[in-house]
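Participant: Spelled out, the chains give:
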Amino acid sequence: MAVGSTPGTNRRQSVQTVLVTVVCALVAATALVSLVGQAVRGNRTVDAQLASRSVHDASVDNEFYSCIDVQARSLVAPGQSAALGGDNLADVITMIKGFGAWVAVADPVSRADVVLTLRQGPGAPGTCLGTQVVGTYRTHDGRTTVRLGTGAQVTGHGPPPAPPL
Amino acid sequence: MTIVFATAAAIGVLAAAGALPVLAAVGLRWVSVTLAPLAGALVAMLAATASLTFGGPLMSWFVALAAIGATTVFGLWVVRPDLGPRRGSSGRATGALHRVAGIVGFLSVVTACAWSLRGLRSPTVGFDARALWVMRPGWFLQSHAHLLVDLKARNLVLTQTAYPPLVSASAAVAWKITGIHSARLGVTTIALLNACALATAALAVIECGRGMAGRFSRAWVPMASGIVAAVLLVVVAAGVTEPFLTNGYADPLWSLAAVGAVAFGLQLADGPSTRAAAVVLILVAGTTKDEGFVTALALVALVAARSVGRAGLRGERKRWPVPVAIAVTELAVLLWWPTMMRVIGARGASSSFTTRTDLARRTTATVHGMSPYLHVLVVAVPLAVVGGLALSGVRRRGRIGNDLWAWAALAVGLCAVGAVLVASTSPIGPWILSTVHRITEFPILEAWWIVGFWAVVATAGLAGSLGGTVVDPEGEPVEAPVEVPVEAAVGARG
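If you're matching them up, the sequences are chains F and L in order. No gaps in the numbering here: position 64 of the first sequence is 64 in the numbering used here, and each next residue is one more. No gaps in the numbering here: position 217 of the second sequence is 217 in the numbering used here, and each next residue is one more.
Please keep in mind that the hints were generated in silico from the structure rather than gathered at the bench. It cannot be assumed that every hint is accurate.
Reference listing, derived: stretches of chain F covered by chain L, where coverage requires no fewer than 3 residues with Cβ under 8 angstroms from a Cβ of chain L [stated by the list, open to error]: (1) 13-26; (2) 58-71; (3) 96-102.
Using C-beta positions, here's what the derived DEER-type ranges look like [to be verified]: (4) Pro272/L / Pro159/F: 51 to 57 angstroms; (5) Gly126/F / Thr329/L: 53 to 59 angstroms; (6) Pro427/L / Gly151/F: 49 to 55 angstroms; (7) Asp113/F / Val63/L: 50 to 56 angstroms.
For each residue, glycine too, the CB sits at the ideal point set by N, CA and C.
With the rest of the complex left out, here is chain F (with noise of 0.2 angstroms):
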């Protein structure tokens, strides 16, 4: 007993000191618990990723886009520069994934040596799961030439497999 104590005032300490080693417990069990029931939740999330569905989805789209690239790479020479035609705002997406980071884009459109589009079909030898490049090329007599992408092709029929968002 410290000096100039009471009973009183050293059994109110006690009682005290129970209540904060209880809290002290309750608060640590609660928190460890919850922290251990999140946790094997996390990892089955994290093993959901490895799925082979989720795996065979993730290589089809590798496959569509590495395959949009390269068709891409046979209609733009190196110094040319393209524009990213069309009216379809998810063909404009779908081309700055498969090229946007290499693509020398022009700016007005007017001035592109090659507008890229992308055309739609039934999936054929030549497409990446239906969908081939196109490049229009303007010559300085006004004329029109179209080639399409070369290269690379993707068997089956698409779009491929949405990733999440």
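For chain F, the structure is supplied; the task is to place chain L on it using the hints.
Facilitator: The following block gives chain L in isolation, referenced to the frame of chain F:
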């Protein structure tokens, strides 16, 4: 060169660029290992912004900025050897057990992070990752003229290309040094940066346990609970952030960096080293994504306010200059990229907000959209209330920051995202459906970190109150045997 080797090389280069500034600012601590690549990513971000502002190749800027940083640090250490990386360690408890806990904790967290990255075995490249985050690196490696066209041309449609550059700039450095210009390398590089941010935030919990060990009896208890809580938090965070942790999205990086910034800047004991770690993490969060930028602005203010403290508000002027100078520097770095976006007239530089839409309906939709993801608050709020009322003395004795700081950061992050959703002109329904699980990552993770900190504080208090020797901050016994002083444990001021 395989992707694994290329990723290791990229992270190695980023870590090399950031190592010396981190050692100088944070000191020789375990957390410096995971902070170095993040600081290197900041150098890449500064290089990309400087390249846009002044011209010149990104890699030239990256090398130059890294060299300037290293030279400055060496110069500082020559002139002021007392500011070397080992400074400040004498004041901390540095017993053998303390050191062992540091090693075991670090290895445990790194192992848990590596385990949590197993999602990388799937070759997934996320939608936004392919459209933006690992597409823009190519832009940063083009000429200055092309970069300007890429960011400004209206026919490129995507307005998100004005987002802050840290993630894409880091991937650009990875592409340049390895010669592999692939989305996959971008994804793996971003995933490892995510892991660094996650490990850093988890190490803060271990630091909490090690810090408390010197001030309570049975020192191994808070240290062990810190390690256990940190490992569990890593696995929890991986679950919260997947699949985006490993598919190239930027949301996990800013969210985890912000959580780490709160942990070091607002929850751990205030000091130069923890403040420096917080600065790195705030800058990472604020230069990764717009949501992170808004949250980072709030964190700058909160960390500065905590550093100034009540003493500063009562007129102690010497407490003002350093926090204010740090805050101003942080703001300058954070505002550089958004300012440039406005200066060059980039697509998406000016967002469209309005108060004319049906704010009530949008608010209801936002609250209903977010609620299912915030169930952690059902645990975290009562725990914090009970802990705050009954264990504030234990917390203060352990020199852990007031819980309200962390809750303020959580509230600001949540309100910032919610306000954007409510005040924007975009259709609210599809927007929430497609993004709410990502944009709520920060408040969810922050709540779990609050739970983790309380786990450590409570076990430390339990060890102390079950009897034993209370030791002073330097690790020496001061009174034995004694229990945790009740007057300090109950009803104490925060």
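Participant: Taking the hints in turn, state whether each one holds.
Facilitator: Do the hints match the structure? See the list:
1. 13-26: As far as the region 13-26 of chain F goes, the hint holds, because 10 residues have Cβ atoms under 8 angstroms from chain L.
2. 58-71: n = 5 at 8 angstroms, threshold three: holds.
3. 96-102: holds (count 5)
4. Pro272/L / Pro159/F: 51 to 57 angstroms: Once the Cβ atoms are compared, 54 angstroms apart, the range 51 to 57 angstroms for proline 159/F and proline 272/L holds.
5. Gly126/F / Thr329/L: 53 to 59 angstroms: 56 angstroms, holds
6. Pro427/L / Gly151/F: 49 to 55 angstroms: 40 angstroms, violated
7. Asp113/F / Val63/L: 50 to 56 angstroms: Violated: the Cβ-Cβ distance is about 34 angstroms, outside 50 to 56 angstroms.
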